[in-house]
Amino acid sequence: MIWAKEETLPRAEMDAIQLERLKETAVYIYERVEPYRRKMDEAGVKPEDIKTLQDLGKMPFTYKTDFRENYPDGLFAVDKKEIVRYHASSGTTGKPTVVGYTAQDLDMWMNNVARIACMGGATSEDVAQISFGYGTFTGALGLHGGLEKIGASVIPMSSGNSNKQKMFLQDMGVTLLVATPSYALHLGEILREQGVDPSKDLKVHIGLFGGEGMTEPMRDEMHKVWGEQFVCTQNYGMSELCGPGVSGECTELCGMHINEDWFIPEIIDPETEEVLPPGSAGELVITCLGKEALPLIRYRTGDLTRLMYEPCKCGRTTVRMENLSGRADDMLVIRGVNVFPSQIEEVLFKIDEIGPHYEILVERQNRLDVMTITVELIDDRLLDSYSKLSKLEQNIKGALKSQLGLATHIRLVAPNSLQRFEGKAKRVTDLRKDGL
Amino acid sequence: MIKQLSVFVENKPGSLMQVTSALTDAHINIRAIASFDTPEFGILRMVVDKPAEAKAYLTGKGFVVRIHDVIGVELKDEKGNLNRMLSILAEGAININYIYSFVIRENRAPVMVFNTDDYEKAAKVLEEANVKIAEETDL
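Sequence lines, in order, name chains V and F. So the first sequence is numbered by numbering that gives the first Met the number 0: it starts at 0 and just counts up by one. So the second sequence is numbered by numbering that gives the first Met the number 0: it starts at 0 and just counts up by one.
If you are wondering where the hints come from, they were derived from the structure by calculation, not from laboratory data. This structure is a prediction, so every number in the text was calculated from the model and none was measured. Incorrect hints may have been included.
[Claimed, not checked] To give a feel for the contact side, a few chain V residues facing chain F, derived at Cβ under 10 Å:
{"id": "1", "residue": "S386"}
{"id": "2", "residue": "L411"}
{"id": "3", "residue": "N415"}
Note that the Cβ used here is the ideal one computed from N, Cα and C, for glycine as well.
Isolated chain F (complex conformation):
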């Protein structure tokens, strides 16, 4: 169970940098980051080390910020492991809204972050299949 930060960004040069620059000033460490190509505005998704502090700081700087729960799954760095996790979710008929991975893990198992509307069911099917779900303290 991990917290994700979503920040509203306009689709224009420098808008992502404004967010990372603010987080740097606040001594927040970004662990995972994703944004997708959308026409006029976008949502920057991040996993950071201090989500509540990050939100407070960014909101104070005028950003619109949302914290919500996402599922992080630790995968062994072996061929077929991502496929295995996705198969479990597919069999459970769980729809993934978006998925992205961590930036740097220093020799630790890679973590995939995904978002779903069936949060509890997703956690259940993964646990039943013995897939390790990452907690904030694991990151």
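Okay, chain V solo, but in the shape it has when bound:
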């Protein structure tokens, strides 16, 4: 099922909608968001300079750092009392990236997620188990609301606790699973170990995956674990743009359809910031249309992809983005959580007993991401007792947990054990190949 007629418009009609909304957005943001108005003034652009869609290229970019510099709500275009919901995601340092929604924004967001759910085959008949972590992240409540919108029955399970996951999957006749693809694989394997064959013993036949990319080898594994009948699609979004609902795969599995009437995509060269011609690979830049609380123009997502404008067999005419091929920056996605090495560094630098050098190792164990951070011990006073050393390890873990919202492994090593770098340090080793 196709949720909205805007998904099937001829290109000329879509262009007309985008242009009208872009003009409105340019006026709106210039009037209401002071930091962006300054950027436009510095670039010498006025809202009335936007006459065609190509004129978008005249507008300045918005960066993740703009959120930090205007923390918590300096980029908001409405008064606090208009906000009905806040969410937050990782910032590049200690402060999170805070986003807000008006009632109308929430409605638009839920409609966009409803489209994504329909693309993945969901209907009002489905019983959906949301196995994303709830909390300030947008994933769980985003899919939750979008699935309710189409009339599906939603179970707000949250992540972890596989015994409870299993019980609800079995007892409630769950037909649709929302999770990160790696957690879905992990859960499926646990079910099999416990003698449950998901393809025979459960009714789950749809997976809506997000929070991290799903590679084709992961999709193949998903069929082995959950059965051939399992239709698994992935969708894309980020809290700055709204959360999930920016784009999603349809069951043709040939790229993620972008909800173009609300999001204008561009592909740029991340180094030169030059807009690249259609079909080129580069960094995805998104302009949000019609958002009240947090209008964003030319947001640098940091995600590398390619756009495909040919209409799809599913009947949708919206542009598709390829599976992400990487990041333009050093952001890591760990268990669906965005992690910047700078966040880790900030925590480590505050701990006196360890030195300034560190290494981050990311690998996948039992389908789940495991991050090990190696640091050098420099304070000999901790050698008085093993418990002091052990306490240091716990302190580092605790500080990282509160900063990142993730459990980490800490390896303490002797001073000068870690490699020293001249110039740009290579501190991250990511051993996850094809996500497996």
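Got chain V sorted already, so can you dock chain F onto it with the hints?
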């Protein structure tokens, strides 16, 4: 009253050898040594003949090294003597964090090394019970 050297070591092949090899190069004599099974990293405890020199040398080689006071007790090599010393400490309600013994003593009385948080009290109860506490010069 004797000095103990504690060295941070990772739990991996060769890490103890790196310490002993450095001490050999520095002409330091190891008199007692102990390490315990800990998961990812450990602390190697040693009594050596020149603790300050050993620390300086090891630190220069990149090790994290700590010197602290421990109690060494000379025991007659007779049945029940270790038990007697431990009874004295138990009666004094002194908790022992760890204990180990000297490597070679060339016909001299064995020395037990132990660590406690109640250092002064431990020394007091042992002295009161006429247990001989080893000094650096006795070793």
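Comparing the hints with the structure gives:
Residue-level restraint check for S386/V holds (minimum Cβ-Cβ distance to chain F is 9 Å; threshold 10 Å). For L411/V, the interface hint holds, the least distance from its beta-carbon to any beta-carbon of chain F being 5 Å, beneath 10 Å. Interface restraint check for N415/V: the shortest CB-CB distance to chain F comes to about 4 Å, inside 10 Å, so the restraint holds.
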